[in-house]
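The task is simple: from the sequences and hints, build the whole structure.
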Amino acid sequence: MMKSNKVADLINKRQKIDKKIEDIQKECPHFSRSIKSIRERLDSTTMVIRWVCDDCIRIVGYPSIEEVNKFIKK
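Numbering-wise (our numbering), the sequence shown opens with residue 876 and increments by one.
Derived from the structure by calculation, the hints contain no laboratory data.
The reader is advised that the hints may include incorrect statements.
[Unchecked claim] Simulated pairs of lysine to aspartate or glutamate, DMTMM-like, Cα-Cα distance not exceeding 20 angstroms: (1) Lys-901 with Glu-941; (2) Lys-911 with Asp-929; (3) Lys-911 with Asp-884; (4) Lys-948 with Asp-930; (5) Lys-881 with Asp-893; (6) Lys-895 with Asp-930; (7) Lys-895 with Glu-941; (8) Lys-888 with Asp-918.
This is the structure:
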């Protein structure tokens, strides 16, 4: 298989996986959440602090200044 075919195949697989993750996250009730330091985007090295669902790892909110300060002091 040529490299371009391999790349196209991998991109296709990634899109299918991304769709499955999106479906799981849409169905999740997000009952349990934590403040975490996560990458801003998949292709980014910038870290941000967000409320994240413990079950599906989806960003579910933005912490207040007080919550961020408490998180940083841990």
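Each hint tested on the structure:
1. Lys-901 with Glu-941: violated (29 angstroms)
2. Lys-911 with Asp-929: holds (10 angstroms)
3. Lys-911 with Asp-884: violated (33 angstroms)
4. Lys-948 with Asp-930: Roughly 25 angstroms between the alpha carbons, so the hint for Lys-948 and Asp-930 is violated.
5. Lys-881 with Asp-893: This hinted pair holds, its Cα atoms lying about 18 angstroms apart.
6. Lys-895 with Asp-930: Distance of about 15 angstroms is within 20 angstroms: holds.
7. Lys-895 with Glu-941: Measuring from Cα to Cα gives roughly 35 angstroms; hence the hint is violated.
8. Lys-888 with Asp-918: Roughly 17 angstroms separates the two Cα atoms, so the pair holds.
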